[in-house]
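Peer 1: Heads up: the sequence shown begins at 1 in the numbering used here, then just goes up one per residue.
Hints listed in this document are in silico derivations from the structure and should not be mistaken for laboratory results.
All C-beta atoms, glycine included, are put in the ideal place defined by N, C-alpha and C.
Among these hints, one or two may not hold up.
For lysine-lysine, the following PhoX-like pairs were computed, each having C-alpha atoms within a straight-line distance of at most 25 Å [what the hints assert, rightly or not]: (1) 24 / 74; (2) 17 / 64; (3) 64 / 44; (4) 64 / 18; (5) 18 / 73; (6) 17 / 74; (7) 44 / 74; (8) 18 / 74; (9) 64 / 24; (10) 64 / 74; (11) 44 / 24; (12) 44 / 18.
Listed next, with one range per pair, are the computed distances between beta-carbon atoms [stated by the list, open to error]: (13) 55 / 9: 19 to 25 Å; (14) 54 / 4: 49 to 55 Å; (15) 31 / 52: 30 to 36 Å; (16) 8 / 32: 42 to 48 Å; (17) 15 / 45: 39 to 45 Å; (18) 14 / 55: 58 to 64 Å; (19) 51 / 8: 26 to 32 Å; (20) 72 / 16: 23 to 29 Å; (21) 41 / 3: 54 to 60 Å; (22) 9 / 65: 23 to 29 Å; (23) 52 / 16: 35 to 41 Å; (24) 50 / 23: 29 to 35 Å; (25) 23 / 46: 20 to 26 Å; (26) 31 / 3: 19 to 25 Å.
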Amino acid sequence: MAGMVQSSYYRTPTFEKKGNRPSKLAYQVGHGFVPQSAVVVAIKNILSHVFIDCGYRLMSAYLKRDGYLINHKKLYRIM
């Protein structure tokens with residue numbers, strides 16, 4: 001009678017962000033799950049070399065070489 005769909009009438013709004021929250025852990029072979037701060041330290045260590053200037057794609061290759069299993073989208077967020 002009100003001209004609305006029944007599911008819309010009974011819906012209660014949520015005032016949170018949609019989707020999953022990004023994780024705060026990364027996996028390193030041999031150490032298990034490590035905090036995100038360890039990944040940041042590893043990135044800064046790689047970038048401390050004199051002639052290294054790279055983006056997230058090349059950085060993901062360097063981190064995979066060091067044993068981190070990290071998604072490129074997560075690395076893009078960190079960088």
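Peer 1: Could you tell me which of the numbered hints above are not met by this structure, giving the numbers in increasing order?
Peer 2: As far as the earlier hints go, 2, 4, 12, 13, 15, 18, 19, 22, 26 are violated by this structure, in ascending order.
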